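A.B. asks: Chain by chain, the residues:
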Amino acid sequence: MSGAATTRELPVRSAEDKRAFKRELTAVVPHLRAFARGLCGRPDMADDLVQETMLKAWAAQDRFEPGTSMRAWTFVILRNAYLTDMRRNRFRGEYDEGVAERVLTAPAGQEEPIHLSDLHRALLVLPAERREALLLVGAGGFSYEEAANICGCAVGTIKSRVGRARAALAEMLESGDIPDRSSEDPAAHRAILEELDQVAAGQGETAARSL
Amino acid sequence: MSPADHRGNRSKGVKVSQATDPEWASGLKRLYDRVVEEPLPDAFRDLLSRLDDSEHK
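Each protein sequence line maps, in turn, to chains A and L.
Letter by letter, the first sequence follows residues 1402 to 1612 in our numbering.
Letter by letter, the second sequence follows residues 64 to 120 in our numbering.
Read the hints as simulated data drawn from the structure, not as lab findings.
Predicted model only: the values in this text are computed from it and were never measured.
The reader is advised that the hints may include incorrect statements.
Unchecked claim - Computed list of lysine-lysine pairs in DSSO-like fashion (alpha-carbon distance at most 30 angstroms, straight line): (1) L:Lys-92 / A:Lys-1560; (2) A:Lys-1423 / L:Lys-92; (3) L:Lys-92 / A:Lys-1457; (4) A:Lys-1457 / A:Lys-1423; (5) A:Lys-1457 / A:Lys-1419.
Input sequences plus hints: build the corresponding full structure.
C.D. replies: Following this line, the structure appears as structure tokens:
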């Protein structure tokens, strides 16, 4: 997909730069997996997303500024890939029930205390923009400023999304009432996709936006 | 008119945010860290080595 054409001149990278890039990319892969898992909740889909992100990052490495945060840079790419994939799925008009079912019985979270899986489930119920904000700040340890850069929105917006996400999670967890929304219910899935469009429409402040 | 002179005012520097941090807040971090600490599946190692190949082209 070729979006905005990039005519900016890019610095030539040496073989050593490439090695350094790859080292850093390798180091953030576990973080990419964690972020992706939190975003989409499906381990298999999350890992596909990470692989896609790695390939895109590698192909776009000339646009990475050495010395800046590889984790933040690749998170932008992953986020965009996620949004794109979600929208593409909608056009396919089908929700992969086979995959969803596998995930429900996937071993990934088995040794997890029950309340952690509740937490994850509640997280997946949140609107996408709040979920990603909370993941970045509350789980990934990014500052509000960094999260705002990754999402391409104002710092105040991130703060308010995180605040609302926390409030919603607190309410769900306290009441024990966590709606099933993410992996089983196609109607809910469509609702999520519509939100994603809104989130995607608001993105685009960062250097990696056209990836 | 004059400012109220509360003694002991200075000792009350308790941060509310920390006191009210719910139990699940650390759970978020654990959800994330748990994945970070998982052994990397072979697929990722394969992919990384394929990146190497294209580098030497």
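A.B. asks: Give a verdict on every hint.
C.D. replies: Do the hints match the structure? See the list:
1. Between L:Lys-92 and A:Lys-1560, the direct Cα distance comes to roughly 18 angstroms. Compliance with the 30 angstroms bound is thereby established for this hinted pair.
2. Using a Cα cut-off of 30 angstroms, the hinted pair A:Lys-1423 and L:Lys-92 holds, with the two alpha carbons roughly 26 angstroms apart.
3. Restraint check: the Cα-Cα separation between L:Lys-92 and A:Lys-1457 comes to about 27 angstroms, which is no more than 30 angstroms; the hinted pair holds.
4. Straight-line distance between C-alpha atoms of A:Lys-1457 and A:Lys-1423 comes to about 13 angstroms, which keeps the hinted pair within the 30 angstroms bound.
5. A threshold of 30 angstroms between alpha carbons decides the hint, and for A:Lys-1457 with A:Lys-1419 the separation of about 14 angstroms falls inside it, so the pair holds.
In summary, the structure agrees with every hint in the numbered list given earlier.
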